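Participant: Spelled out, the chains give:
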Amino acid sequence: KQEVTQIPAALSVPEGENLVLNCSFTDSAIYNLQWFRQDPGKGLTSLLLIQSSQREQTSGRLNASLDKSSGRSTLYIAASQPGDSATYLCAVRLRVGGSEKLVFGKGTKLTVNP
Amino acid sequence: NAGVTQTPKFRILKIGQSMTLQCTQDMNHNYMYWYRQDPGMGLKLIYYSVGAGITDKGEVPNGYNVSRSTTEDFPLRLELAAPSQTSVYFCASSYSSGGARYEQYFGPGTRLTVT
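Chains as they are written, first to last, in the numbering used here: chain W, 1 to 114; chain G, 115 to 229.
Think of the hints as simulated: they come from the structure by calculation, not from any bench. Treat the hints with care, since some could be wrong.
[What the hints assert, rightly or not] The list that follows gives simulated cross-link-like pairs (lysine to any residue, SDA-like), each with its CA atoms no further than 20 Å apart:
id, chain 1, residue 1, chain 2, residue 2
1, W, K42, G, G117
2, W, K101, G, T200
3, W, K1, G, N144
4, W, K42, G, A116
5, W, K106, G, N142
6, G, K158, W, G60
7, W, K106, G, K158
8, G, K158, W, G98
9, W, K42, G, R125
10, G, K171, G, T184
11, W, K106, G, R125
12, W, K109, W, E17
13, W, K106, G, T200
14, W, K42, G, T184
15, W, K106, G, D152
16, G, K158, W, L94
17, W, K101, G, P189
18, W, K109, G, T184
19, G, K158, W, S24
20, W, K101, G, D152
21, W, K101, W, S28
22, W, K68, G, E217
23, G, K158, W, G83
[As the list claims (entries may be wrong)] DEER-style ranges, computed between Cβ atoms:
id, chain 1, residue 1, chain 2, residue 2, range
24, W, E3, G, A116, 30 to 38 Å
25, G, G130, W, S52, 44 to 52 Å
26, G, S210, W, N22, 21 to 29 Å
27, G, G130, W, Q54, 44 to 52 Å
28, W, L11, G, E173, 23 to 31 Å
29, G, N144, W, A9, 32 to 40 Å
30, G, T121, W, T5, 31 to 39 Å
31, G, G212, W, P114, 45 to 53 Å
32, W, K106, G, K123, 20 to 28 Å
33, G, N142, W, E100, 12 to 20 Å
34, G, S210, W, E3, 46 to 54 Å
[Claimed, not checked] Footprint (simulated), chain W over chain G, 3 or more residues, beta carbon under 8 Å:
id, stretch
35, 126-134
36, 213-219
Source: prediction; values computed, not measured. The beta carbon of each residue, even a glycine, is placed where N, CA and C say it ideally should be.
Isolated chain W, as found in the complex (with noise of 0.2 Å):
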């Protein structure tokens, strides 16, 4: 069974710290991995999506790897601001039995502090 694990469960740093969350999985037969930042009472906003055979993605400050090996993800954000405060979750898409489905880790809280 699939599981994705995400460490630290939360994290607070000063503003302007380059910081690294942290995502694994057990299974690597994935087709891709989904970060995404959901505020609170808000829904998941989509971040980075790599595909299976990719190694990183970037948008802007933020940088994705992917070592599918490994079964880990990282998620690299630079030159944080207090605007980046949220929870980042992590989430693999892979076959089960004759579907697909995401499995979600449960997110790392950031608190970025002016």
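With chain W held as given, fit chain G onto it using these hints.
Facilitator: This is chain G only, laid out in the frame that chain W set:
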């Protein structure tokens, strides 16, 4: 382009009542999903659909029903609401074609309380 929209935003139900959560997407996505999110438990898949007329169960389907009569709409029906169905419900959609699988987009959620 509104993306994925959900109604209502909030709802309080009494035990045993029924209701339908509405979900619409305007991106012509073939896949649609319903998730529930409980504190500390992450997101769990309730039902999903790979196209109009086709639905299938996810991890936690008991107590729910869905239909997909059009590409755009994917309503979730709760029959005989129970306190265990108190949760935040998210609808999502994505596009897949051949071997390509693209991002999932989420709606803003419906916060449901059953008392």
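Participant: So which hints don't hold here, by number, going up?
Facilitator: 2, 3, 5, 6, 11, 14, 18, 23, 34, 35
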